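Protein sequence lines, in the order shown, are assigned to chains C and L.
64 is the number that this note's numbering gives to position 64 of the first sequence; each next residue is one higher, with no gaps.
Each number in this note's numbering corresponds to the 1-based position in the second sequence with 1000 added.
For the record, the hints were derived by calculation from the structure and aren't laboratory data.
Computed from a prediction, not measured in an experiment: that's the story for all the values here.
Just so you know, even glycine gets a beta-carbon here, dropped at the ideal spot from N, CA and C.
Hints are not guaranteed to be accurate.
[Stated by the list, open to error] Here are the simulated lysine-lysine pairs, BS3-like style, with alpha carbons at most 30 Å apart:
#, chain 1, residue 1, chain 2, residue 2
1, C, LYS73, L, LYS1072
2, L, LYS1073, C, LYS73
3, C, LYS72, L, LYS1072
4, C, LYS72, L, LYS1073
[Said to hold, decoys possible] Reference listing, derived: stretches of chain L covered by chain C, where coverage requires no fewer than 3 residues with Cβ under 8 Å from a Cβ of chain C:
#, stretch
5, 1027–1040
6, 1048–1054
7, 1090–1099
8, 1103–1113
9, 1118–1129
Number of protein chains: 2
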Amino acid sequence: MHVGLIHHVGYVVADLDAEIPAYRDVLGMEVGVREVMPDQGVEAVMLGSGPSYVELIAPVTEDTGVARFLAKKGPGMHHVAFVVPHLESTLRELADEGVELIDTVPRRGLGGHMVAFLHPRSTGGVLTELVEDH
Amino acid sequence: MHVGLIHHVGYVVADLDAEIPAYRDVLGMEVGVREVMPDQGVEAVMLGSGPSYVELIAPVTEDTGVARFLAKKGPGMHHVAFVVPHLESTLRELADEGVELIDTVPRRGLGGHMVAFLHPRSTGGVLTELVEDH
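Pulled out of the complex, with its shape left as it was, chain C reads as follows:
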């Protein structure tokens, strides 16, 4: 695998509406797709007009990884997502190399992209996401 483009950086925040203006007004980022993702207990919004984005993520329930991150570390950078052209074959290749995967098969991410997370133990301590984009 060779990653190239950073698709987005994910920031955990307490309140999406309170944080959107800084990105929209200071960095000139368009406010894009916004969704509650019940299986992860978060609401997220994608900011920017591409090719790279900022994804703001806020917990909507208490018992999730993102809620624990916010309680422990406060708001800030949470993960980095790189584009790969073929996610399923990339995950197989990484698994064969002994890389620790959080998602062994692609799942649906914000805006309908297929995504998968790699475990920070395999990626220098930084939570790393792969996003399929052809």
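For chain C, the structure is supplied; the task is to place chain L on it using the hints.
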């Protein structure tokens, strides 16, 4: 200003040589320019073949912002850098809008790029860098 491409994400680490293999071998990133930047008390290396990169940063002296970051928060994501086409005029425009700048004029960054940092107070709590690239 409208930011688009994420030029790099900066990760603070304790030891560059210990962390490079994860990025080179797992994410397939080329090991690029590496420099000690004495004025900032850090050594840094750029990883990747573009258009986006990971910049690993390790302190080489004790009394720097990066050394304090590492002591307080441990290794992890430190800043996000976006490409802008004209940095000097962008900084003037941001200052006119009341955005808090760490660097009011461009300075030399890793590999000779001209860069400037915006204060996290103006950018949703995340240290944000602008990199000039035409």
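A quick look at each hint next to the structure:
no.	hint	result
1	C:LYS73 with L:LYS1072	holds, 11 Å
2	L:LYS1073 with C:LYS73	holds, 9 Å
3	C:LYS72 with L:LYS1072	holds, 13 Å
4	C:LYS72 with L:LYS1073	holds, 11 Å
5	1027–1040	holds (count 3)
6	1048–1054	holds (count 6)
7	1090–1099	holds (count 3)
8	1103–1113	violated (count 0)
9	1118–1129	holds (count 7)
Of the hints listed earlier, the one the structure fails to meet is number 8.
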